[in-house]
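Both chains are sitting in their own frames, so use the hints and assemble them into the complex.
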Amino acid sequence: MAEKPRLKLPKEAAKGEIIQIKTLVSHVMESGQRKDAQGKPIPRKIINKFTCEFNGKPVFSCTLEPAISANPYIQFDARIDEAGTFKFAWTDDDGSVITAEEKISLKA
Amino acid sequence: MKAINRRQAFALGGGFVMLTLMPMAADAEVTGDAAKWIEKFTGGKQPVKGKISLDLPEIAENGNTVPLSLTVESPMTADSYVKEVMILADGNPNAGVATLMFTPLSGKAEASIRIRLATTQNVVAVAKMSDGSLFTEQKTVKVTIGGCGG
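Top to bottom, those sequences are chains C and R.
For the first sequence, position 82 matches number 82 in full-length UniProt numbering, and the numbering has no gaps at all.
For the second sequence, position 147 matches number 147 in full-length UniProt numbering, and the numbering has no gaps at all.
Chain R with its partners taken away, still in its complex shape (with noise of 0.2 Å):
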């Protein structure tokens, strides 16, 4: 084997980060542990994207607590409001963050937590309608520090 010179190792390199970057930079589909909840939660049906809007930080430096405020867009009327919003993490050791239920009385479907993010990933809002219908958001936080070993 010939032996790589200084600037073929930098273009591999190069080239390896790419490759392992590339699945994140696609618009990632929920996998594994997340995708189970999202399953048993929706019992099957594929959620919509849209209605919600999910604020965290784009990097959090303190992954033992990362301010999550979420809000769905629904009239929150005796006939339609939101009824539920799961919220999943697919990176951590368990996906469940916590699932939220409102009702007409809620006035609005707005919410503020505060969350535990092992790693870099994707958090997950899935919301249910009073109607049944399912709407979906995610956004990818960077976790400098991890928040769930120890």
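The following block holds chain C by itself, in its conformation from the complex (with noise of 0.2 Å):
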């Protein structure tokens, strides 16, 4: 849980340049079908919701329901008009949230 999610995207780009962005976290995304040992279920943890932020504004998120894989992996592309900071925001059942930021700058 606490480990940092992994993240990647170029450190620059030209302007109005679509780049790719991988996300990965660690997560067990426990889809609460599954039952432990005493055949009682185990109950439902996941990451319902991801975000991507650049320079506040919105630029892709998405939902997810339990038939996400264990440790999500999420790819997806952006547009860069300016340099900035994207946020990325993974939000847990339990309410908690993994955040990570990066930043981007444009090519000379």
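Think of the hints as simulated: they come from the structure by calculation, not from any bench.
Computed from a prediction, not measured in an experiment: that's the story for all the values here.
A hint or two may mislead.
Dumping the calculated DSS-like pairs for lysine-lysine here, alpha-carbon to alpha-carbon at most 25 Å [to be verified]:
(1) K108/R <-> K49/C
(2) K108/R <-> K8/C
(3) K108/R <-> K57/C
(4) K22/C <-> K4/C
Structural data, given as structure tokens:
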């Protein structure tokens, strides 16, 4: 849980360039369908929402269901019009939020 | 009743297999839970087939992580872009998989995720454009080891 999310995106991009962003966060994504050794259902615990903002503007977000694999990997694109900061947030079922930030600059 | 010989037994068996396979061979109508999800998403409107390309393995050896990539054709400008794409798996205990929300800042309506599939089934994507039009695409994935129970 406390592990840092892994992000992969370029450090700089040309104006108007579309870049690819890869994200991976460590999480069990317990579906709530499984049972433990005593036959009791294991309660659901998943990341139910992921958002990505750039300079405060929404870029991409998604809601996730238990059908997402453990350690959710999400890959998407973003168009870079200006230098700035990406903010990523993963929201857990229990309300806790994992966040990460990454800066990107414009190619000279 | 007359006892059936070996040859007849085989013929019967074959016929049975054909019958059970039949509903899957037809480009399956989305049924049950998944249909309800789609109706909620579209507000009852019928999505048109097209615009979406859905990339999934034909056979997934491990249903616990099935790579899924999708691209929706769209200029992705402020006037015309893909708003949301809902992904469903009609054979999972819960049909919902994920809903992806794009913005013009996304640049491309393209994303990859990894999903769980309980069994061999159809994966359906429904896209909602900024002008309200709806598109859909589906693909059957054969799953060797399911990825939901335990």
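Quick rundown of the hints versus the structure:
Distance hint between K108/R and K49/C is fulfilled; the C-alpha atoms sit about 20 Å from each other, no more than 25 Å. Of the supplied pair hints, the one linking K108/R and K8/C holds, its CA atoms being roughly 17 Å apart against a limit of 25 Å. Straight-line distance between C-alpha atoms of K108/R and K57/C comes to about 16 Å, which keeps the hinted pair within the 25 Å bound. At most 25 Å may separate the alpha-carbon atoms for a hinted pair to count; K22/C and K4/C meet this at roughly 14 Å.
Violation of the numbered hints given earlier is absent; every hint is satisfied by the structure.
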